[in-house]
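**Q** Kindly generate the complete structure, drawing on both the sequences and the hints.
This is what each chain is made of:
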Amino acid sequence: MADSAGLPADLLPPRFADWFASRGWSPRAHQLAMIERARAGRDSLLIAPTGGGKTLAGFLPTLIDLASQPPSNGPTSLHTLYISPLKALAVDVERNLNAPIAQMGLRITAESRTGDTGISRRQRQRVKPPEILLTTPEQLALLCAWEGARLYFENLECVILDEIHTLHASKRGDLLALDLARISQFAPRMRRVGLSATVDDPEVIKAWMADHAKGGNDTIDLVRGPPGAEPVVEVLLSEGKVPWAGHTAQHAMQEVYDVIAKSRTALVFVNTRFQAEFAFQELWRLNEDALPIALHHGSLAAEQRRKVEAAMARGELRAVVCTSTLDLGIDWGDVDLVIQLASPKGASRMVQRIGRANHRLDEPSRALFVPANRFEMLECQAAREAIAENKLDGDPPRLGALDVLAQHVMGCACSEPFDMLRLYDEVTSSGPYRALPWEDFEQVVDFVSTGGYALKTYDRFRRIVKGQDGLWRVRNLETAQRHRLNVGAIVSPAMLAVRIAMRGGRGGRKIGEIEEGMVEMLEPGETFVFAGQVWRLVAVTNLDVLVQPAPGADPKMPSWGGSKFALSTYLAKRVRQLMYDQAHWSVLPADVREWLEAQRDRSLIPEEDEMLLETFARGHRQFMVCYPFEGRLAHTTLAMLLTRRLERMGRGPLGFVCNDYALAVWAIKPLEAVDFAELFDEDMLGDDLEAWLAESFMMKRAFKGCAIIAGLIERRFPGQTQKSGRQITFSTDLIYDTLRRHQPDHLLLRCARDDAATGLVDVARLGQMLARIKGRIRHSPLEHLSPFSVPILLEIGKERSPGHSGETMILREAEEDLIAEALQ
Amino acid sequence: MNALAERAFAYDYAVAECGSLRVTIGAAQAMLRASGALWLAAERALVVADLHLEKGSSYASRGQMLPPYDTRETLRRLAAEVTALTPAIIVLLGDTFHDRSSEDRLAADDAQRLRDLARGRTLIWVVGNHDADGPRALPGEVADELSLCGLILRHEPQAGLQPREVAGHLHPAARVRATRGSVRRRCFITDAERLILPAFGAYAGGLNVRDAAFAGLFARSPLAGALGRDRVHAVGWRSLGPD
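Each protein sequence line maps, in turn, to chains A and B.
First residue of the first sequence: 1, per our numbering; consecutive thereafter.
First residue of the second sequence: 1, per our numbering; consecutive thereafter.
Careful: at least some of the hints might be erroneous.
[Unchecked claim] Here are some chain B residues pointing at chain A (derived, C-beta under 8 angstroms):
#1 SER57
#2 SER61
#3 PRO67
#4 ARG72
#5 THR83
#6 ALA137
#7 PRO139
#8 ALA226
#9 GLY228
#10 VAL235
#11 GLY236
To be clear, the hints were calculated from the coordinates, so they are not data collected in a lab.
C-beta atoms are modelled at their ideal positions from N, C-alpha and C, and glycine is treated no differently.
**A** Structure, rendered in structure tokens:
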């Protein structure tokens, strides 16, 4: 289908053909194919790498259709809706779309609408919509929750969903799929057009975007763009210098700087904000040529980020150190190199990041992977080879979350009265909810109305009520207004403002915002880097973090800064393969090879499908180290469960530490005689898991997120403007504890459990891993520690992440401090 | 208070077998219970502050459907203390109801639970700012303040140093810091002269004891009794952080 040979010649009207010619371009095959699919009235999914004219391909049918309509003086109505995952992208596409509209002299209105759009423009857009509206999933949810949504969308011809691959497997994707089903009811003629980067399995995306009341995946035609030039990926070998452990890649900074100096413009990706700050510091320390190198991450003040983006767009920067905030978005033609500092974690994310270089199809993108330690060297090589073979990790298909559904049902009631059966049919026509049982839907509607409690005392406070006509409607206007203020499936962590400390303990100028969890890692008096400078923490007040400049101080680098992304299952498998295949070791630098050989000689290298487990004594402690390669989250859950079991076996476990590759547990009594098959038996995912999970802070955190999305807790109230995660007037932990005791099967506890199991504790992955290693644990009893175990043992004592440590231990330690104080 | 923190005061306290913290307030012996209740053994008096019954339904009436189980959860905890201690007197130290119409919203079985707790003993409602009138239909005596064991029991702590005062109202909570991290817990707070009780209600939130509302109330850096799982932990001022 990517071949234009079979397409009719008259697909492009003369005005459009002339425009292409005047630019010196010819339409690409996939662009013509999209016009042809639209003409046939078909839904379509276009898969093409970045830089292939993908967005234009999506819009061409709309432009042609609108250009062919006779001029009218009547009010315009919405013809095409474009949804982007990023506000900035919607604004950028508005600019890129208005250029050809102006150049061809078309009378078509195309406008963006995001949370940042001015009030007057947003109000006008509701009364007098543009023909093409470019917006975000959250704004669409809001439009769908307005009274009169049906009229607003009734003439809609087409919806274009951009960068679907970043959205579909998330709660934002759930919400968008529901709204898609909604507007299909309002506008039965509407075509669905998906745009996506290259993915492992297009059928997963088709299933997400398809109308399952009309035939599902078969209703969507797949159009593939040209593959583009193969990216050129190299791994920085840093011969003789690759460290055993750590996440900063400090050893390689000079090499990274030299590469930046030789490039036009480089994007330097890191995995965490702390790493971004650290790398930025280090590069400026080496920056004798005063190259314009900037910093970009989600904690910086918005105006500072906009400044960096604008300087980048003007081509004034040589490098930007950034986190996932720049994973997708605006097209910067001048970027010619992408540097990935520290571990890639997954092949798909890397392809996306590499695509940020050279947005021109005929030139290859260039990328450099910089491993921060020896295991990361294996991971980088595995990722490089996966990309060369065009093998990507797949997102597992997900079931739509019920907290998101609750929000949507409330939104529907705010827009117009609904019939429960018809709404059920509508909801189940969407991909993520196509298997939703009726009982779950009933429960969700009851939750929206009364909170869904077995104790029926809230009937008179119903938020939605069923009328005599059998239709459900919102209780009153105020309830609807409050719902609209709280629309969206993004739950951001509580943010604190970082301000310069003034006299009298007050806060002065604001430097940026920082996540609450990060502040918990720091004590007053300690130094840290933020917004490219070193600061000393003075105090934390209610909503402010007060700091003083501390130039020249050696900043603390929290060691948990591994990555918030887990190592993908697919990449982990490739790392295990590379480790096992000794003939393959030649791609590695000499010091890493020697490390592997030493491991082979002193302990062992496991077969590809085995899990290595080592036991040894060190000091007064007995150690067990195993290497599942399943990511920190799954390892932490596993370590918690193993510790419980070792306790029961009378081994006296004392502590554990985890990273993305391994976990180590230490105990009072020797561990080599433990029955490991029993210890690692899959039945640990039963009662042990439930008992631990119920008490864990991760469940409480997940519960809070679900409670906010489902509307149990409101983030914003009418008349209140400040946006902060801290404005909830009661503790969700208290609600969690009470609900768990009195109604353990409540809908939101179920949601929280599902979220924790897939996200925060990664139970699914742990289950697959336990099945994989059953009967394949290779035990290596040792006299001393092994070369592999060094990196994980080096992390002991550095770990101080909140919530993982026992709360009782903290209280006891503080008590001992009091005793010490009294005995002074 | 920071200047005072530099010289530690040696508090006289001990942990009892049940996990309670035994302290002296003025001349009275007091047991600070892990539940957040105060036990005055000399009078067999159980004192609890800030139950905020029907906070859940108060929010629900305004459209936030918090689980309606807070009252029964709070009463369950109170009943457990009554079973463990068989008090002669129960003192509810104010803000027992979350708002003025809470008593009307009380479920019939919850109201019965309260009556059962009062049976065979004296129930005293010290009234607070949220429930200034006391109960309408429920049993018990109503008082503005109360003298017991040489202590003065009232809802809202009075400004300045108030020797022998026991109060609630402020919902004290401690952010306890140690090298491995920090936890936030409800707490008792005392300087051996006066005592402020934590809120007992299931949904009652906490105010950090380093908040300005606590300034000037204590003669010296106070001792916090942070509520742990099954015991009260004595924590000194220098281990307490802001939120």
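**Q** Compare the structure with each hint and give your call.
**A** To see whether the hints hold, each was checked on the structure:
{"no.": "1", "hint": "SER57", "in the structure": "holds, 7 angstroms"}
{"no.": "2", "hint": "SER61", "in the structure": "holds, 5 angstroms"}
{"no.": "3", "hint": "PRO67", "in the structure": "holds, 5 angstroms"}
{"no.": "4", "hint": "ARG72", "in the structure": "holds, 7 angstroms"}
{"no.": "5", "hint": "THR83", "in the structure": "violated, 17 angstroms"}
{"no.": "6", "hint": "ALA137", "in the structure": "violated, 18 angstroms"}
{"no.": "7", "hint": "PRO139", "in the structure": "violated, 23 angstroms"}
{"no.": "8", "hint": "ALA226", "in the structure": "holds, 6 angstroms"}
{"no.": "9", "hint": "GLY228", "in the structure": "holds, 5 angstroms"}
{"no.": "10", "hint": "VAL235", "in the structure": "holds, 5 angstroms"}
{"no.": "11", "hint": "GLY236", "in the structure": "holds, 4 angstroms"}
Going down the numbered hints, you'll see the structure goes against 5, 6 and 7, while the others check out.
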